[in-house]
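Mind docking these for me? Both chains are given alone in their own frames, and the hints should help you get the complex.
Protein chains in written order, with the working numbering: chain E, -6 to 158; chain Z, 2 to 734.
Within a straight-line C-alpha distance of at most 20 Å, the following computed EDC-like cross-link-like pairs (lysine to aspartate or glutamate) qualify:
| hint | chain 1 | residue 1 | chain 2 | residue 2 |
| --- | --- | --- | --- | --- |
| 1 | Z | 198 | Z | 693 |
| 2 | Z | 293 | E | 24 |
| 3 | Z | 462 | Z | 530 |
| 4 | Z | 619 | E | 115 |
| 5 | Z | 162 | Z | 146 |
| 6 | Z | 619 | E | 113 |
| 7 | Z | 216 | E | 24 |
| 8 | E | 135 | Z | 621 |
| 9 | E | 3 | E | 24 |
| 10 | Z | 376 | Z | 403 |
| 11 | Z | 588 | Z | 621 |
| 12 | Z | 264 | E | 8 |
| 13 | Z | 293 | E | 21 |
| 14 | Z | 222 | E | 24 |
| 15 | E | 108 | E | 142 |
| 16 | Z | 91 | E | 84 |
| 17 | Z | 622 | E | 117 |
| 18 | Z | 376 | Z | 401 |
These are computed hints drawn from the structure, not numbers from a lab.
The residues making up each chain are set out below.
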Amino acid sequence: MSVSFKVNGKAVTVDAPSDMPLLWVLRDVLDLKGTKFGCGVAQCGACTVHLKGVPVRSCQIPVSSLNGLEITTIEGLSTDGTHPLQIAWQEIDVPQCGYCQAGQIMSAAALLEQKKKPTDADIDQAMGGNICRCATYNRIRKAIHRAADIKNGGASTTAPSGAAK
Amino acid sequence: MTISPIVDRRDFLRVIAVAGGGVLFGAYARRLDAAPAGAPLVADPFVPNAFIRIMPDGKVTIIGKNPEGGQGIKTSLPMIIAEELDVDWKMVTVEQAISDQSKYGVQFEGGSLSTPMNYDLMRQIGASARFMLVAAAAKTWGVPDSECTTAHGAVTHAASKRTLPYGKLLATAATITPPEMVPAVNGPPGVSKLALKDPKNFKILGTRVPQVDDKKIVTGKPLFGIDVVVPNMHYAVFEKCAVFGGKVVSANIDRIKAMPGVKAAFVVEGGDALDGLLSGVAIVADSWWHAKTARAQLQITWNEGATAQESSEGYTKRATELSKLPAEKVVRKDGDIDAALKGAAHTAEGAYYYPFISHATLEPQNCTANFKDGKLEIWAPTQMPQPGRQLVSKTMGIAENDITIHLTRIGGGFGRRLKNDYMVEAAWIARQAGLPVKLLWTREDDMHHDHYRQAGYYWLKGGVDAKGALVAWRNHFVMDSVAANQFPARFIPNYQLETSALPHGVPIGALRAPGSNGLAFVIQSFIDELAHAAGKDPLQFRIDLLSQTLVASTGPADARIMDAERMKGVLELVREKSGWGKKKLPKGTGMGVAFHFSHAGYFAEVVQATVSAKGVLKIDKVWVAGDIGRQITNLSGAENQGQGAAIDGISEALGQEITINAGRVVQNNFDSYQLIRMPVAPPVEVHFRLTDNPPTGLGEPALPPVIPALCNAIFEATGKRIRSLPIGTQLNG
Ligand code: FES
Ligand code: FES
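Same shape as in the complex, but just chain Z (with noise of 0.2 Å):
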C-alpha cells in the first residue's frame, strides 16, 4: 500500500506507510520537510522516529527506545504509549529500538529516570497516534471528532451506534493532520500537546502486566548479548593487567598464534583512560574455547604503572591519618558544632567505613563487532548506547555515523555497563582482526575490571539535648565528595560536613544508588545510635528529626531535594505495614528501620533480624514502603523492583567486598565474591504511598535504606553496632 505524504511543514507528527500496508506513527518529520509535495511516500527504513506501527489486522507494535537490563522498561514505556492510544495489551507486540538518539531521543538505562524523564512524552506520543484515528474515523462517518470516543483499539460513534477498528482507518489517518508540537525536555525535539487520559480511567497503567520477554527468557531463547552470531562470527578474549592501566611491554604473541583455532593475537597498545581502551593482548581463535585456552599460555611482561603497591590496608591506613588532621575542605558549616557537643545532653561517637563492591552482572561483559567497509556494527548488552558510539568513535577514528549499535537484552546492568569498555574492545579487536567478533570476558576479567563503587571512611560525632532532640552533628568524610545539602543536613541547627580526599588507582563507577548506596548506611546508622543515646524510639525519633524546623539551604539549589513531609509519610507507613513496636519479639530478634531519599524517590524499610547465641544471623522479614509519585507504572515490575533492591542490599551488607592488595583486585570469582542466594534471602513485602507527585523511577531508590534496617536490627536483636561493611563474620563470637 502507498499512501500520500501529508504535507507537513512543521515538526509535525507524521504518518507514513510500511510494508505489509500498516501505519507508522512517529514524532517529527524534518525529512518529510524537504519531500516534495504530493511525492508518493513508501516504507523508509531510514525515516526516523517511530514508536508505533499499526498493521490492518489491527495488531499493534511498539517500540521500547531504551536499554533493558532487568528494570522492566521494554515492558513499561510501551504500555503507557498503549494506554494513550487506547489498545488493549494484548494487540501490542514490542520492538526493541536500536540506538538512535535521532529517532527516539535520549536513550539510556540510568539514574532511575527512564520514567521521569519519558512518562510524559510516552504518553503524548500515544495520544498523538489516538487523536489522528479519532480524526480518520470523524471523517469517514461525517461526524466532529469530539463525538467519538476510542476503547480497545477502535473508535466509536456512540449516537450512530458506529465503530471502526484502528485497522480500518489506516488510511484516513494517514491523510489527518497530526496535532501540534511542542518542545519536550529530554526527548525528541517535539511531541504533540495534547488532552491526556483521567488517570482514573487507566486500564493498562497501574496493572499487573508480566516482562514482554518472560515466554523468550522461560524458554531459553536468544536474547543477551553473549547470544548473539554474526555471519563467519570468530571469539576474542581480551588479557588487560591485574594492575588498572598497566601497560603491555611484550608478550609471546608467536607462541599464541600457533595454538589450536588460533586466528589473530596481537599486542593493543591502548590508552590511560580506564574505562577506555586499555593495553592488553588479544586472542581471536574459532571457538572461546579455544581462545581462552591459548590465553592460558600468554607469557606478558607488564609495566604496572604507578599504583602496583596500593592496598585496601594502605587505603585504611592513610584515612586513619587523615581523620586526625584537620579536614581539608568544610563543605557546609550551620551553626556552631564545637559549643552544641559540648552542651548537648548526650553525645555519640562512630567511625564509619564501607568497602568497595563489584556489580558482578551474571552475563559477564561482552560485545559483538563486525568491521566492513568502513563501517562498524556493534550488538552490545549497553545501558549508554550513545557515548559508546562516541567512545568508540574518538578512539578508532570512524565517523559516528558510520557505527550502527544494536541494543540487545541486558543480563544485568547495576550501573556497571554505563561504562563502555568491553564496546570499544570488541570494536578494535574486530577492525584489527578483520573478522567478526564476539568479544567475551571470563567471570575473574569482569571482577578483575570494574569500575567498582567507591570506598568510603566517615567520622561522626553528634548530640542531642535534654528533650531528646538532635542538635548537633558532624562528619569528616574521607574519600571523595559529598553534596552539601544531603540528609541530614538542614534538619540539624549545628552542622559541620567536612572532607578530605583519598587518591587511590581503583576506578569508580556508578553502581545502584550510587553515593546512596554507602551514605545511607552511614547517616541512617549513625542517626539510630543517637536515638538510643536520647532513649527515644528509633522510628520516632526519625519523625521528629523530619520535624525540627530547617536551617536554610546552602549552595546551588537542587530541584530533588528531600521533601520531610513524603518522607515521613513512607515512615508512618512502614510503621504500620511492620507492626513496629506492637509485636512482643523474642531474645536475639530485633526490628531496625532507616529511610532515605535518592532519585527522588522516598523510602523507608524495616527489617526483622534474628541472631543466635553462636552469632548466626537470620533476616526474618523486610517491609519496604515507597513514594514514587501519583501512579505506579507497572505494579509487577515495581513489586519485583522492590524485592530486588531490599535484597540486593542485603547482598551487599551481608558478604560483598572487593579488596586491593599490590595494586589488583583479590577476588577472582563467586566464591571470593559471595553474593546472596536462596536461603538466606528474606521475604520481602512492598507498599507504595501514592502521592499527587510526577512518577518517578524504581530501580534505584528502594536499595539503600535496607542496609542501615538491618544494621539497626542487629544492634536490637544484640546491642553490636555494625560500623563497618561487609557484617561477613562480625556476629561471630
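Okay, chain E solo, but in the shape it has when bound (with noise of 0.2 Å):
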C-alpha cells in the first residue's frame, strides 16, 4: 500500500507492504541506517524513534497506520550531531560497540523534553526499555545528566571527532 508521512520533517510517500513495520520503512526503504533492528517484538529498544515526540518501538509500528504520522529518528535529532546528548555521549564516550546507542539517545532526547533535570529514578523509568548489550550503562546515565546541564545552558566541551584528551 502507499502511505504519506513526514520523516525528519521532510514528507514522503512509500508503497510498501501493509504489515511492513515502519523499522523496515526507514531502514531498506527510506535507507536511514541509524535506526537499529534488535528484537523485533518490542523488548531491546534498539529501533527507538520519536512519533510526535513520544518515543516508540518502530519494529510495532505497520505502514498501515503510518499516514500523516511525523516521525523522527536518530538522523533527524539534530542536523549537525549538536544535540545536547548528542555532545555529551561523545564527551563521555558511552559507546562500545555502539549499536543500541541510537535507540539509547532517543529514548534520551524524550526524557529531556519532559523533565529539565532528570533524576536517577527518571532514567531508570526512561531507559529500562533499551537494552545495552555491551552494558554502557553507568555511562549512559552519566550522559544524560551531563546532556540536562548542556541543555541547561552548561558549557559543552565536545572534542573534535577522532581526537580528545
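Below is the structure:
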C-alpha cells in the first residue's frame, strides 16, 4: 500500500506491504540506517524513534498506520550532531559496540523534553526499555545528566571527532 | 606526484607515493624486491601493507588492523602508532583495514589478544615512519639525525631553530633507506627495530581518547554489517532445523516462490559441522520483510537427527549419576586428598552448576555477499575474517584469493563472531540465487543457533586445618575438560581435580572469558565457603591462600601461569578502594570479594548487595581492581571495558540461561532471555594497578570475578549460598 508521512521534517510517500513495520521502511526503503533492529518484539529499544516527540518502538508500527504521522529518527535529532545528548555522548565516550546507542539517545531525548533535570529514578524509568548488551549503563546515565546540564546552559566541551584528551 | 622507489633488497619498510601526493609507510616490501631499480613507483592499491598515510597538508591516516566490536581496538591500536609517530591525535583519521593478513598480519578480535599481540608491533610501525621523517629533515638541513627531535607532527633542529612539518618532508622521506627489520612474533613478517619513546613522554597513550566512530554512532551513520548496501542488493532469510544439525527432507518451495517479492527459494543441503553450512531453506526477496513474511508460510519436514531427545533435565540427571561414579579422569593429584579431608579441622562440601548461555549480540548475525565472475565479495561483522575466508573457500570450492572480505563494525562480538556460519550461509545463498544478498537472522534465529557458553557441573569438597589454612580440595567436574594448573591448583598441598565427560549435541563456542566466566563462580564461591568454615575474613583468607607454599606445576609449562604477587596486589587495591572491613553495613547488606586470573589479566572485585526481607536483590556497587601491566593504552576505553565486563557478568548471573528441551533451545527472544537493564545495573568503579609487565588485554578478564563476588555478597547479606546460576528467583522466599 502507499502511505504518506513525514520523516525528520520531510514529506515522504512509500509503497510497501501494509504489515511492514516502520523500522524496515526507515532502514530498507528510505535508507535511514541509524534506527536499528535488535529483537522485533518491542523488547530491546534499538529501533526507538519519536512519534510527535514520544518515543516508540518502530518495529511495532505497521505501514498501514503511518499515514499523516510525523516521525523523527536519530538522523533527524539534530542537523549536525549537536543535540546536547549527542555532544554529551561523545564527551563521555559512551559507546562500546555502539549498536544500541541510537535507540538509547532517542529514549533519552524524549526524557529531556519532559524533564529539565531528570533524576536517577527518572532515568531508570525512561531507559528501562533499552538494552545495552555491552552494558554501558553507567556512562549512559552520566551522559544524560551531562546533556541536561548542557541543555540548561552548561558549557559544552565537545572534542573534535577522533581526538580528545 | 611520483617519487622514485627505494631500492630495497631486504625486507625493509617502504615508502610509496599515493594518489593525492601523500606518502604511505608500510611494513614490508616483498613486491618491491621484484621491481626494477629506478622504475617509477606510483599509487598501487595492491601494494601490500600500509598502516600510515601522510598527506602534504600534514593529515595522517592510520589503519586500524583488527575487527572492531566494541572493545575499542580501532581507536587504541592507531593510538599506539600515533604515539611513536609523534603526531597529535587530532591530525589522525582512522581507517578500517579490510581482511588481508599478507598486509596487516594476523587480524582477529578474540582472547583479549589484540593488545598483547600488537602493542610492540604498532610502536615499531610508528617509530619506523618517524625515523624516516627525521632522516629526511636532517638531510634537508644537512645536520645529523641525532640533533633532530620530533613533536606534534614536525621535525625540529633546535640548534638552528628550524622546524618542518611532516607534510613538507614527504618527497625526501621517500628517498630514505628504511630501518632494518627483525622478525616479529605474530605480526607481519618483519618490523623495524628502533629506539622507542620513553613511556614517561607519552602524550596519547594512557589518556582518555573517545572512540573514533563515536560521532558516526551518535548521528546514526551506517557502520555495521546490517547497514551494508550494495547495488541490486536482495535480502535473505535462512531457516535451519531447531534441533542442531537437523536436515531438510522436503519443503514447500513452490508455494514460497509464489509469495510476494520472493526472487528465489531453495533447499541448502549443507554439511554436518555445526559451525559450518548447515541444512536449511533459503528465501531471497526484494525486501527483508517480504523474505520474512514468506518464511512464515514455510512447511519443512526435517530429519531431526540423533539429539532430538536431549534436554537440560536429562543433562542434569546424567551429571548427577556421573558424580556418584568414580571420575573418568584424574587430571591432577597432589598430596593425599582423602587423608587430608579426614584430618581437616573443618570441611565444606558443595554441588555447583552453571547453565548454557547465549552471546545475544544486539546486532543479530548477518552478512552481505556478492558472487560475480567466479569471485566473492563479502561484507561481514566477523571477529575472525581469515578463518571465515577458509570456511567459505572450502565449502564452496572458491580459491581464497578470489574472496574479498570487508570488515564492518560489529554490533557486539563477545566471541559469537569467532564463528562464521552466517558468512558461509550468505555466500552460498548469494551464489545460488545469482544475486547480491544481505542475509539477516531474526533474533529468534540468533538465540536458537548460537554456539553457546558451555554448561558445567561441579562436586567439591574442601578442608581447612586448625589454623584456618586451606589444606584439601577435591573437584569433580562433569562436562568436558579443565587445565591441570587452573587455580587453586599449586596453592593447596592436597589437591585432586577429576573430570567426567557429558557428551551432548549443543554447539559450544567461546563467550567472553571462556571457561573462566563459569569456573571463577565455582572456585571463588567455594573458597568463600571454606573461609567461613575456617572463621576467617574472606579477603584475608584469599591473601593467605595466595601466600601458601607452591606445589610444583604439573603438565605442560604455561607461560600464562598466575603470579600470586600480582593477584595479591589487586586484592589489596580492591580492599582499600571498597573500604572492605571498614564499613558498618545495615542488616540485609553484604560485601563479597572474588578474584580471577584469565587472559593474562589480574582482577579482584568487590560487590556490595542488599537483599530485602521479601528477597528483592539490589546491587549497590561494584569495585573493580585490575593489573594488566605497565601501560593502559586508552584510559577511557579501559574504564568502559571494566564497567561493561562487570555489569555483563552480573547480567549473566542474574537471569541468563539457555535451556534445552526436545533437542532445541527453549528461549526465543529478550522476553524469555533476560539481559540486564538500566534500573538494575549498579555503579562500577574501575581501578588499575600499574606493574612493570607487558601490557595485556582487557575485553575479558574483568568479567569472571564479579559473579562470585556477587554471590558471596548475597551470602553475607542473607546467609544463603548461591550454588547454581542464574540466581533468578532463588532469593524469593
Ligand atoms: S527491534 Fe524494536 S524493540 Fe527491539
Ligand atoms: S554499546 Fe553495544 S549494545 Fe550498547
